[in-house]
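Visitor: Each chain, written out:
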Amino acid sequence: MQFNVRSIRVITLSVLVLSVLALAPPAFGAASFVPTRPIEFVCPSAAGGGLARFSETVGSIMESEKFVPVAMPRIYKPGGGFAVAMAYISEKKGNPHFLMSTSGPFVLTPLTVTLSGKKTITHKDLTMIGIMGFDEVVMVVKNDAPWKDMKELLAAAKAKPKSLRFGGSYVGSPDSLVVASIAKAAGVEFLYVPFQGGGEMNAALLGGHIDIMSSSPSDMMPHVEAKTMRMLAVAADKRIPRFKDMPTLKEIGCDLVRRTHRGIAAPPGISAEAVAYYENAARKVTETGAFKKYLDDGIMTPVFMGSTQASKFLDEYADVALNTMRDLGMGKK
Amino acid sequence: MKRAEQILGIVLLLFAIYIGYESTQIDTGGTIGSVGAGFIPFWMSVSLGIISVAMLVQSITLPSDRFAPTFFSEKTARMQVLWVLAGYLVAVAVMKPLGMLISLAIVMATTMPAFGARSWKVIAFTAIATPVIVYIVFGHWLKVDLPMGILENVLSIY
Amino acid sequence: METFQQLLMGFHVAATPFNLLLCFLGCVIGTIIGALPGIGPAAGLSILLPLTFGMNPTSGMIMMAGLYCGTMYGGTITSVLINVPGEAASVMTCLDGYQMAMQGRAGKALGIAAIGSFIAGTASVVFLMLLALPMVKFALSFGPPEYFALMLMGLCTVAGLTSGSVLKALAGTCLGILVATPGMDAFSGLPRLTFGLTGLLGGIDFVVVAVGLFGIGEVLYNVEQSMEMKFLIEKISIKEVWPNRAEWRASVGPITRGTLIGFLVGVLPGAGGTIATFLSYAVEKRVSKHPEQFGKGAIEGVAAPEAANNASTGGAMVPLLTLGIPGSGTTAIMLGALMMYGLQPGPLLFLKNPDFVWGVIASMYIGNVMLVIMNMACIPLFVKICKIPNYFLMPFVIVFATVGVYSVDGNIFDVWMLYVFGVMGYFMNKFGMPRAPVLLAVVLGPMVERALRQSLILSQGSYDIFFTRPISAVLLMMGLAAVLWPVFDMIWQRRRARRMAGA
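Protein chains in written order, with the numbering used here: chain A, 1 to 333; chain B, 1001 to 1158; chain C, 2001 to 2503.
If you're looking for bench data, these hints aren't it; they were derived computationally from the structure.
Since the model is a prediction, treat every value here as computed from it, not as a measurement.
Worth double-checking, as some hints may not be accurate.
Within a straight-line C-alpha distance of at most 30 Å, the following computed DSS-like cross-link-like pairs (lysine-lysine) qualify [as the list claims (entries may be wrong)]:
| id | chain 1 | residue 1 | chain 2 | residue 2 |
| --- | --- | --- | --- | --- |
| 1 | C | K2137 | B | K1002 |
| 2 | A | K93 | B | K1096 |
| 3 | A | K142 | A | K118 |
| 4 | C | K2137 | A | K162 |
Far from chain B, by Cβ distances over 10 Å, these chain C residues were calculated [as the list claims (entries may be wrong)]:
| id | residue |
| --- | --- |
| 5 | V2013 |
| 6 | A2015 |
| 7 | A2123 |
| 8 | L2167 |
| 9 | F2187 |
| 10 | S2188 |
| 11 | V2219 |
| 12 | R2249 |
| 13 | L2260 |
| 14 | V2283 |
| 15 | M2376 |
| 16 | P2395 |
| 17 | T2402 |
| 18 | L2456 |
| 19 | F2467 |
Glycine residues also receive a C-beta, built at the ideal position from the N, C-alpha and C atoms.
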């Protein structure tokens, strides 16, 4: 390729004009990336939920600890099981001033949509920055339920197929996949009843309209303490420190580790320097006391995975989930 | 007006048929439950179809003196509705490239004359003042991320 | 009684000057936010949330409780004055409130709304203290089949709510349910009826439909009528805001019934205020001696739904406080805020942090008192909005609607949908097609569908489940009665007319 003086002049001039417009010091030559304007931190779910709490925590730590030199306003773009936010971020191709928080549906929603034969934006189309924690899934029954532990419950389910009513969120959600995997591993059949929102489901469990449900341990804490509900098992690879008595599904013979991650993603095609910059910032966040307290309050498992590792993790997660979905009978036949 | 009622019936019927057809194409996704994702849309469009046929029959059989004589009150009124609609349409269409503030100015500038504002000074002032207030209240205080369009780099919202 | 002692302690916590000031600030901000379309209580709370982090949890929560109550009052103002319902629960207020405003009785409408809300809000706090425990059993007995029956009964009454053609009302109901179907299916997680549009994946937000049909639709309709139409304005003083004796007499019944219905329905998690408002409206229209005046500025049509709406907030506190289950989106955000303060929401909150819980309850009460005083004093000021010339007011409604709808999800697609629904609202107005059934169906449709499908999964496909359970069977019978009532009524009237003619 050849550049003549004129074209170089034009390029330099336009770059200069643009940078003046952006009211920012030009950043050429420097190998490192530093954000120059506020970063839009998109939360793909509605305010007030679990992921919103993650976004608020990460965003405020980044701002207050000056891990980023600019503001990081949280922007809520809920809807379509992340699809709306993912489409929004993918439109910002190459722009390093946009980030979004991610969790299970980041991988699973595109999978369900692709399974139904439609094209959509998947997690592979965006740039993963890192994974900063894991949220576990626990199985919960009413406190006076007749089953002492998960084994008894599974035995009851086996004795009378389709007699136990299992509550969870929509089919294709992280917890629905856990339920499907349990059913497959234990060779039982549940009546899976999808609910929208934990409130409705908790009421249905307490009212005896469903027998068992899947939920996150932090949502269950108050009910367990008040002795209105009991937790039977957790779908993690190790017992949760705060609930030492609760076995993992692995221990009772279902070889399952399913969890939903909490992480950050960026638009496609941003520079390697920008990825490294945000990766570093995210790592620094996980090392702060405030973030550790957030994980501890939510009974989440601390972890940090950088960009490459996180992408690999999500790819593997997608493969396993895809198989489970096929087992469930989802997708075009 | 009798004619208008008939058109309403036909439009609703066509809409019902189209949605009814679309809902038979919905992927029900797996073997969950006996009633799939297409159940409610399908039966609702069937009901809408039946109702719209009934409306159509009613509008054909009833004598015309049971309806108002004309649909639009007069020609100038109709033109004014179209004018407001067109102005608003332009405003919505340019919202992404030019930004919310400019498009709101367009709304004000086109709608005010239709409601009888005569002084162009008042119109111009309001058309400029309104977006400014919106910018301060919604963008600045309530932290709504308004689309800024071409003003993106001139006015930063944060 | 123990509960009263605890409430007294709550007042003790809430009545410090600092907390009172916060409560007042919350009320003011809430009223303003509630008056802006698109920014409802939920969004308002999340905007305020960061502000409260520096405070202690009780003060923060008191400010939020004030804001929550304030948004309820604020929503009424726009419904009455410019026919834009800010949230689902104020749709019914639009019907008669806006008509009253056009007749120059805006002050009266706002006045009875504030008074009705205050009475109902107060009564529901008392009910909450006395009846919380027995009500819990009632709320828990509602499973999916019962919810289905309740919602279906609601939909059956919709068509009878409005004056005009029943066929058109029914068509509106079907349209409304259809409008609510695009988006991600809550059961399979698959998109449906999205026509390949990313914007439709999130579904069509209620606010878009409400503001489009009522707000924009009304503006377009007014363009045509602009030369003739004018708000009738009377000079309004605080004295005239108070209902006169006849109006009192007309409103006492609706407020009482509205309170009871609101509290009962509000207790059910998820069902919430919306159903309560229009069930109470339907009841009033049935028991009224002059049902033909409903929709044309009947004061009962404002008093009943406003009372029901506010009573339902007290009802929603029952599952929240006794079971730790939020009954609405707004209470869910309040729960989330609790967790940020490091408090564990749930059944033990009462035992572990009684000063906090009762402080909040007391502050909701104080907030109601402040709001009723503030509103009554400011109504003459609000009503001046009607005096603004149309060529300012009407374009402002469009601007307001556009920005408000955009703020819901930050999506320009929603503005396009607003435009579509605005045009639809205009034509519905021209055809005399009632718009309230569409809106109510948009809210109820998804709930009906969810409950139906959940029930059928539970029963493995058998429809018997709806008739073998007593509560759902009774509710379905009531729904049937609601459909058949107008028919019987017509036959009866005709027979009486014949007898009169014969005599």
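Visitor: Run every hint past the structure and note whether it holds.
Guide: Status of the hints after comparison with the structure:
no. : hint                : in the structure
1   : C:K2137 <-> B:K1002 : violated, 55 Å
2   : A:K93 <-> B:K1096   : holds, 17 Å
3   : A:K142 <-> A:K118   : violated, 40 Å
4   : C:K2137 <-> A:K162  : holds, 27 Å
5   : V2013               : holds, 30 Å
6   : A2015               : holds, 29 Å
7   : A2123               : holds, 33 Å
8   : L2167               : violated, 5 Å
9   : F2187               : violated, 6 Å
10  : S2188               : violated, 3 Å
11  : V2219               : violated, 8 Å
12  : R2249               : holds, 37 Å
13  : L2260               : holds, 32 Å
14  : V2283               : holds, 26 Å
15  : M2376               : holds, 26 Å
16  : P2395               : violated, 4 Å
17  : T2402               : violated, 7 Å
18  : L2456               : violated, 5 Å
19  : F2467               : holds, 17 Å
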